[in-house]
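Just so you know, the protein sequences line up as chains A and B, in that order.
Following our numbering, the numbering of the first sequence begins with 33 at its first residue and continues without gaps.
Following our numbering, the numbering of the second sequence begins with 33 at its first residue and continues without gaps.
One or more of the hints may lead you astray.
[As the list claims (entries may be wrong)] With a straight-line cut-off of 30 Å between C-alpha atoms, the simulated BS3-like cross-links for lysine-lysine are: (1) Lys219(A) <-> Lys73(B); (2) Lys74(B) <-> Lys130(A); (3) Lys74(B) <-> Lys164(A); (4) Lys351(B) <-> Lys153(B); (5) Lys158(B) <-> Lys73(A); (6) Lys219(B) <-> Lys74(A); (7) Lys158(B) <-> Lys219(B); (8) Lys164(A) <-> Lys378(A); (9) Lys164(A) <-> Lys399(A); (10) Lys378(A) <-> Lys123(A); (11) Lys158(A) <-> Lys74(B); (12) Lys74(A) <-> Lys164(B).
These are computed hints drawn from the structure, not numbers from a lab.
Protein chains: 2
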Amino acid sequence: MAEPVRAGRRPRVVVVGAGFGGINAAMRLGKMAVDVTIVDKKNHHTFQPLLYQVALAVLSPGEIAQPIRSILRNYPNTEVVMDEVIGFDTKARRVFLKSGAELLYDYLVVATGSTHSYFGKDEWAKLAPGLKTLEDATEIRRRVLLAFELAERQMLENGQHPPLNFVIIGGGPTGVELAGAISDIAKLYMRRDFRHINPAMAQVMILEGSPHILGAYPEDLQASAVRQLHALGVQTRTGSHVTDVQPGFVMVGEEKIESVCTLWAAGVQASALGKMLAPALPCETDRRGCLLVDGYLNPVGHPEVFVIGDLAHFEQDGKQVPGVAQPAMQMGNYAAGRIERLIHGKGEGQKPFRYFDKGDMATIGRKAAVARIAWPFRAHWSGFMAWVTWLVVHIFFLIGFRNRLSVFRQWAYTYLSFQDGVRLIVGSQELPGWNELMEATPPPVDPAVEPRNTSGV
Amino acid sequence: MAEPVRAGRRPRVVVVGAGFGGINAAMRLGKMAVDVTIVDKKNHHTFQPLLYQVALAVLSPGEIAQPIRSILRNYPNTEVVMDEVIGFDTKARRVFLKSGAELLYDYLVVATGSTHSYFGKDEWAKLAPGLKTLEDATEIRRRVLLAFELAERQMLENGQHPPLNFVIIGGGPTGVELAGAISDIAKLYMRRDFRHINPAMAQVMILEGSPHILGAYPEDLQASAVRQLHALGVQTRTGSHVTDVQPGFVMVGEEKIESVCTLWAAGVQASALGKMLAPALPCETDRRGCLLVDGYLNPVGHPEVFVIGDLAHFEQDGKQVPGVAQPAMQMGNYAAGRIERLIHGKGEGQKPFRYFDKGDMATIGRKAAVARIAWPFRAHWSGFMAWVTWLVVHIFFLIGFRNRLSVFRQWAYTYLSFQDGVRLIVGSQELPGWNELMEATPPPVDPAVEPRNTSGV
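I would like the entire structure built from these sequences, with the hints used as guidance.
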């Protein structure tokens with residue numbers, strides 16, 4: 033048990049990370065007689081399940097993100113610090129911040145989640161961005177849209193452009209969602225926008241190292257997802273280990289696959305903070321760097337420290353609980369409740385945390401999705417039905433009423449009018465790998481094919 | 033007169049720049065029997081009059097910008113090229129693009145607008161960003177919001193922070209709008225968001241070199257604007273020439289004015305393209321680099337070239353037409369109509385362009401604005417009435433029905449609930465000048481003022 037807090041002072045709780053786990057912990061702690069400090073590098077909470085829609089220009093960043101201060105505005109016992117945690121002293125119960133400040137805690141909740149893992153090939157990151165933050169989403173949007181613009185521009189110059197191959201490395205939910213969304217953009221929403229290229233000729237390919245797309249899903253839904261992807265024209269290649277990522281192409285063993293835009297949806301690892309916290313406790317980690325926690329979400333020997341969400345390695349019924357939003361939210365809620373009991377000396381006899389599995393869903397594209405429903409009944413759904421369920425559930429879970437309305441309106445517009453939202457290219461006009469691809473593209477076979485605008489002079 | 037176009041071929045019109053002038057020209061040309069190519073560095077048209085609302089987190093970038101392709105989607109005779117013009121051959125009627133392509137034209141419309149002028153001190157640009165693009169707006173938003181976050185963070189560390197002085201250089205409409213909006217954010221929308229700092233203590237100051245705020249407005253409205261600014265707590269200093277901009281402060285002569293965030297709303301100059309086009313024609317320019325055009329918006333001797341919008345120096349009744357949206361739109365429309373008449377050999381006898389002045393408006397803040405109304409009646413309005421007029425006019429002129437609805441909803445939300453929109457800090461966490469200000473800030477006078485979170489240990 034944690035030592036009892038000195039009488040006459042409100043217990044202090046420091047929450048690190050404002051993802052689903054941290055925000056849910058802070059909101060519940062905000063209603064208790066404790067002082068809460070939440071620390072995050074960003075000033076906003078991001079609704080990660082919809083990040084891919086920002087990346088593919090259906091939604092705006094502001095529709096899936098909310099300032100942490102706004103979320104916690106009505107809890108006067110909470111404070112928000114936009115700063116980076118750079119270390120822990122778990123004996124003196126201190127957290128060190130990059131700015132130089134220190135935070136003392138009676139209870140610590142660490143929920144800094146996970147980040148991309150390039151399996152030691154960090155130089156791939158620039159060529160194949162992953163999708164974890166709003167900045168990532170904006171960058172992916174920029175690259176995908178720019179590829180079409182550059183192809184159109186290139187047609188003016190010499191009537192030829194490199195094939196519009198989009199390669200997505202990783203066939204989990206994020207990879208599948210990105211692939212389907214790119215296909216939708218190219219085939220549905222861009223139909224009438226270009227004069228020289230046909231965006232529908234874009235080719236989207238998923239490269240998955242394991243034998244299965246959506247490996248965490250039941251077999252029937254895996255098969256259905258593959259069928260739905262193929263119906264959209266997305267190629268899926270399983271058992272395909274990427275051995276190199278270069279400007280303009282990807283290597284799978286000896287095979288070279290050209291790519292105007294490569295996206296990373298393969299590996300994740302514990303956030304860097306996990307690597308600092310684990311030796312400070314000390315606490316065992318799994319191979320991804322996630323901290324092993326007991327039934328109360330505590331690293332062994334530290335009942336005052338909670339590790340929750342993606343950063344925690346928590347096993348239930350012999351299986352690791354997945355690193356998605358639902359378990360993180362439930363863990364955040366449990367940790368806050370556990371802290372309340374500990375403060376009142378009622379920690380003994382509390383039931384350990386148990387993940388209440390409501391199911392999993394992944395969208396594939398317009399009217400295409402798979403859903404494993406575990407509550408309130410059990411079912412496996414595919415296609416339109418799964419897609420509608422996905423829409424309803426995601427609107428329902430969006431934090432903030434304002435965003436909910438706005439997203440609903442945007443989706444109604446997009447799916448009824450076949451027009452996506454905000455196809456803005458912001459920032460640089462350089463696409464990594466484009467020049468290499470241009471050099472590799474042979475000149476037009478038929479010299480009669482002249483650029484339209486300079487013909488007929 | 034331009035030479036007649038060879039029979040059997042549709043005349044080609046190249047429009048450079050997709051601001052208000054270019055887009056309006058392209059839309060009208062899109063209905064004519066010509067082939068139109070519009071070239072812009074960006075893939076989107078920006079509704080510049082509302083950029084400051086993106087900068088101050090009321091609106092999202094997607095709400096005031098629209099892809100050029102979407103705007104011109106329904107005109108099959110138009111094409112959009114996202115590229116940069118790097119030169120003109122006005123004899124052979126060619127436009128050279130950065131990518132290497134060339135565009136031939138029968139008629140050329142140049143509408144590349146203006147950019148910031150730092151009066152030769154380009155090194156100030158990084159310390160005092162201006163407001164012309166979505167990228168600028170996002171950067172200003174980042175800096176303004178970050179200043180409050182850093183102050184709050186600093187209070188944790190040593191119970192002291194540099195004064196939150198925001199200095200805006202330039203007292204034209206943009207400067208006034210930025211000043212009022214920062215004041216609104218600090219005093220209204222952030223009220224309950226911070227625990228250690230009082231955002232309402234923020235001090236906003238406008239430094240204007242000339243003797244008048246809103247110099248282009250009638251005197252009574254100038255005076256009213258100053259009164260309204262003062263009521264919001266904004267300081268205005270006229271006749272104040274900025275002699276230096278440094279990290280953390282601004283110099284006005286010998287006086288040093290501390291600033292956590294300096295914004296530039298002072299000078300504008302013709303876009304770089306003007307400097308290329310003028311010698312190629314050749315054409316005289318004014319001191320800002322704007323091209324002198326005749327009554328048909330042509331540089332002398334080039335009836336096939338139209339220079340419109342901010343890039344043109346066009347005088348009417350002995351006064352230069354201002355570089356704002358209305359004249360640009362009217363010029364775009366006129367140029368397209370003139371091209372149609374020239375094609376049909378009906379150019380002779382056409383009335384020269386005349387700017388139809390409907391008035392000017394500048395918002396100052398919530399319920400505060402000035403409006404010089406010139407049509408359908410003449411009036412000078414101030415305060416709430418001017419502000420409501422401003423709201424209605426700006427929603428009405430927003431290109432795109434979707435955006436209009438979205439902006440209306442957002443404004444209703446903001447002004448009724450006292451909550452602004454999307455206060456997201458995206459990108460770096462560095463604020464230029466902050467460290468210099470921190471060093472200049474004395475330690476707390478009263479050593480008993482300890483940081484809250486480490487007190488009572």
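Right, here's what the structure says about each hint:
1. Lys219(A) <-> Lys73(B): 25 Å, holds
2. Lys74(B) <-> Lys130(A): Since the Cα atoms of lysine 74(B) and lysine 130(A) sit roughly 37 Å apart, the hinted pair is violated (cutoff 30 Å).
3. Lys74(B) <-> Lys164(A): 26 Å, holds
4. Lys351(B) <-> Lys153(B): Holds: lysine 351(B) and lysine 153(B) sit about 29 Å apart, inside 30 Å.
5. Lys158(B) <-> Lys73(A): 23 Å, holds
6. Lys219(B) <-> Lys74(A): 23 Å, holds
7. Lys158(B) <-> Lys219(B): 27 Å, holds
8. Lys164(A) <-> Lys378(A): The hint is violated at about 38 Å.
9. Lys164(A) <-> Lys399(A): OK: lysine 164(A) and lysine 399(A) at ~25 Å, within 30 Å.
10. Lys378(A) <-> Lys123(A): The given pair, whose Cα atoms are some 23 Å apart, holds under the 30 Å limit.
11. Lys158(A) <-> Lys74(B): 23 Å, holds
12. Lys74(A) <-> Lys164(B): 26 Å, holds
When each numbered hint is compared with the structure, violations occur for hints 2, 8.
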